[in-house]
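Trainee: Spelled out, the chains give:
Number of protein chains: 2
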Amino acid sequence: MRGQPQEFDRVLSSMCTEPHPVAREAAERFLATNPGDPATYQSVAELEDEAIAGLGEIVGLDDPAGYIASGGTEANIQAVRIARNRAVSSTPNVVVPESAHFSFQKAADVLSVELRVAPLTDDWTADVGAMRRFCDEDTALVVGVAGTTEYGRVDPIPELADLANDVGALCHVDAAWGGFILPFTDHEWHFGHADVDTMTIDPHKMGAAAIPAGGLVARDGELFDALAVDTPYLESAKQATLTGTRSGAGVASAAAVMAECWPDGYREQYERAQGNAEWVADALAERGFDVVEPELPLVAVPVSEELFASLREAGWRVSRTADGKLRVVCMPHVTREILDSFVADVDRLQATANINT
Amino acid sequence: MRGQPQEFDRVLSSMCTEPHPVAREAAERFLATNPGDPATYQSVAELEDEAIAGLGEIVGLDDPAGYIASGGTEANIQAVRIARNRAVSSTPNVVVPESAHFSFQKAADVLSVELRVAPLTDDWTADVGAMRRFCDEDTALVVGVAGTTEYGRVDPIPELADLANDVGALCHVDAAWGGFILPFTDHEWHFGHADVDTMTIDPHKMGAAAIPAGGLVARDGELFDALAVDTPYLESAKQATLTGTRSGAGVASAAAVMAECWPDGYREQYERAQGNAEWVADALAERGFDVVEPELPLVAVPVSEELFASLREAGWRVSRTADGKLRVVCMPHVTREILDSFVADVDRLQATANINT
Numbered sequence: 001m002r003g004q005p006q007e008f009d010r011v012l013s014s015m016c017t018e019p020h021p022v023a024r025e026a027a028e029r030f031l032a033t034n035p036g037d038p039a040t041y042q043s044v045a046e047l048e049d050e051a052i053a054g055l056g057e058i059v060g061l062d063d064p065a066g067y068i069a070s071g072g073t074e075a076n077i078q079a080v081r082i083a084r085n086r087a088v089s090s091t092p093n094v095v096v097p098e099s100a101h102f103s104f105q106k107a108a109d110v111l112s113v114e115l116r117v118a119p120l121t122d123d124w125t126a127d128v129g130a131m132r133r134f135c136d137e138d139t140a141l142v143v144g145v146a147g148t149t150e151y152g153r154v155d156p157i158p159e160l161a162d163l164a165n166d167v168g169a170l171c172h173v174d175a176a177w178g179g180f181i182l183p184f185t186d187h188e189w190h191f192g193h194a195d196v197d198t199m200t201i202d203p204h205k206m207g208a209a210a211i212p213a214g215g216l217v218a219r220d221g222e223l224f225d226a227l228a229v230d231t232p233y234l235e236s237a238k239q240a241t242l243t244g245t246r247s248g249a250g251v252a253s254a255a256a257v258m259a260e261c262w263p264d265g266y267r268e269q270y271e272r273a274q275g276n277a278e279w280v281a282d283a284l285a286e287r288g289f290d291v292v293e294p295e296l297p298l299v300a301v302p303v304s305e306e307l308f309a310s311l312r313e314a315g316w317r318v319s320r321t322a323d324g325k326l327r328v329v330c331m332p333h334v335t336r337e338i339l340d341s342f343v344a345d346v347d348r349l350q351a352t353a354n355i356n357t
Numbered sequence: 001m002r003g004q005p006q007e008f009d010r011v012l013s014s015m016c017t018e019p020h021p022v023a024r025e026a027a028e029r030f031l032a033t034n035p036g037d038p039a040t041y042q043s044v045a046e047l048e049d050e051a052i053a054g055l056g057e058i059v060g061l062d063d064p065a066g067y068i069a070s071g072g073t074e075a076n077i078q079a080v081r082i083a084r085n086r087a088v089s090s091t092p093n094v095v096v097p098e099s100a101h102f103s104f105q106k107a108a109d110v111l112s113v114e115l116r117v118a119p120l121t122d123d124w125t126a127d128v129g130a131m132r133r134f135c136d137e138d139t140a141l142v143v144g145v146a147g148t149t150e151y152g153r154v155d156p157i158p159e160l161a162d163l164a165n166d167v168g169a170l171c172h173v174d175a176a177w178g179g180f181i182l183p184f185t186d187h188e189w190h191f192g193h194a195d196v197d198t199m200t201i202d203p204h205k206m207g208a209a210a211i212p213a214g215g216l217v218a219r220d221g222e223l224f225d226a227l228a229v230d231t232p233y234l235e236s237a238k239q240a241t242l243t244g245t246r247s248g249a250g251v252a253s254a255a256a257v258m259a260e261c262w263p264d265g266y267r268e269q270y271e272r273a274q275g276n277a278e279w280v281a282d283a284l285a286e287r288g289f290d291v292v293e294p295e296l297p298l299v300a301v302p303v304s305e306e307l308f309a310s311l312r313e314a315g316w317r318v319s320r321t322a323d324g325k326l327r328v329v330c331m332p333h334v335t336r337e338i339l340d341s342f343v344a345d346v347d348r349l350q351a352t353a354n355i356n357t
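Those protein sequences? They're chains A and B, same order as listed. Numbering (UniProt numbering) for the first sequence: 1 to 357. Numbering (UniProt numbering) for the second sequence: 1 to 357.
Heads up, some of the hints might be wrong.
The list treats identical chains as one, so a pair stands whether inside a single copy or across any two.
Simulated pairs of lysine to any residue, SDA-like, Cα-Cα distance not exceeding 25 Å [as the list claims (entries may be wrong)]:
| id | residue 1 | residue 2 |
| --- | --- | --- |
| 1 | 238 | 112 |
| 2 | 238 | 344 |
| 3 | 238 | 324 |
| 4 | 325 | 278 |
| 5 | 325 | 286 |
| 6 | 325 | 39 |
| 7 | 325 | 313 |
| 8 | 238 | 309 |
| 9 | 325 | 9 |
| 10 | 238 | 38 |
| 11 | 238 | 115 |
| 12 | 325 | 134 |
| 13 | 238 | 271 |
| 14 | 325 | 343 |
| 15 | 325 | 308 |
| 16 | 238 | 122 |
| 17 | 325 | 339 |
| 18 | 325 | 125 |
| 19 | 238 | 283 |
| 20 | 325 | 137 |
To be clear, the hints were calculated from the coordinates, so they are not data collected in a lab. Here the structure is a predicted model, which means the values were calculated and not measured.
Using the sequences plus the hints, can you model the full thing?
Mentor: Below is the structure:
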């Protein structure tokens, strides 16, 4: 067959990673199963229960409801759909901080809800006062992000949950990327810390499961009733997921890697990643770059258009924030050696640029 | 790790199947790639182009637009979304035959469009006259099914495309299951036969690719403009898919299995499946069951509640139509030996039931 998969040794932009060996093994074994048809594929349906129970432990819920989704986009769309379908208002709106992932723009288009985007504080976190000013009696959902895509920041979730309560809205936390690292920090971000209703937490990001394994978790299973459609030709009677057929590989790999890594393996992974982020942030700061302090293992740094282009040309898979900062996401596959070689390339390409100017 | 995947030797209900060996190999190799981020994962993005070109050959399009989706549900939702977003009406409706998959109910809820469900002919196909009576100036989409979920029937696609044209709507064909078998029949079902705009055709069903590999194909790439959202932190600027992160395993396996099997491998697979369906239909008819003639490799047969329950208890994964007929979907994994053993169990369980009454 033609084509080779991307090697991971120069991928600094992705929020996905190489699956953990136990995740890969489980994905390969369950490749031909469909948890969307649980009466036919019973063993993978049981693994999905295990995976959701595992997510519950991580997010502070004894009796979590939820399912393994295709990814964070589906989970975010579904959280908005739950809020929309339960709203009394016929013109519901959703209030998000400007740092919210673009999947909320997609959700707004798909679900025909108004998206209200509130500005951030100077530290790129949700400004609760601004969020409050965007809320009104039609607000169905208040969203906080625990581990933002661009800067790895954590919004003040307890305050946002209080705000949601005050205005009679649901509260959703997008911890798609942050969920598997935040348990090892002092942040208050989950169901045990605040009156959160739904959460996105993706095993296939920092959980090191195989794609596709996103996660949508809810405090109360009754929230999913707003989504259920009848499934006439399946032996199961209702389906609350957005997709129909789903990947057993993703589900099995999520269950396997959580059983293997929670909590100690994930703690070690977090410490390594955070150490790497601080190392590369220091290395770049020493070279005069105005680095944004990495609160979680994600470094954002303003670079020239020219340096960015040269790095891409040199084979580095890097991407930028909306305002042009280069992002280095310190996923598990990003080792100190890779970062060493990245910094060396920055030095080399800067030197070349200086000679040329 | 706990749990074993479902064995396929008693699965008669699924519209998915064991992946072809080349599909499995490609899926395992590309497990850690994300075609939703094409600037990072370039090689799998190229494979997606190959997969869409392959689908184009199958559906009679020289220059197809499209993408590999999580499955037929996503593809159907996206087709409805295209039509809704392009509609002039603020209260668009979608006209489907009663045989349409339940994903259209899901699409209607998600997208807030009105679904109008037209009754069928006596042969369980779309009744074009009835469909026409359901259309009006707010109709944004007319849907036909090429290979229905319950009876494996093919709607009169050219007439439905004409109807869509007449009322100024788009025409979508759901060939999720049928698309990889219809090329070897006399049916008129695709872009080459009729003025179809969009089509669902799933490599992970009769295409024998690994889950998740659904397909959405359009005559005109411009149709996808109605779906595009900005993607600030990715190097690619727009994203028209419903999900964000996507499975490289599904994409790579779809490209690999189509390169291997189209057309001869798929023709042989169709002939074997159709032969098996006719064989089991005859075997059940000989035993006095009122079997529905299998036009495609799917047999529907009315059975007693008791026999159905006994078959499930004996380990058969079978499911029913909305009006209670047992369905036997003759997927590639369903061999003559399996069907032999199924018919023997029907005999045995019927005999037991007769003794007990």
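Trainee: Could you work out which of the previously given hints the structure breaks and list their numbers from low to high?
Mentor: 2, 12, 13, 16, 19, 20
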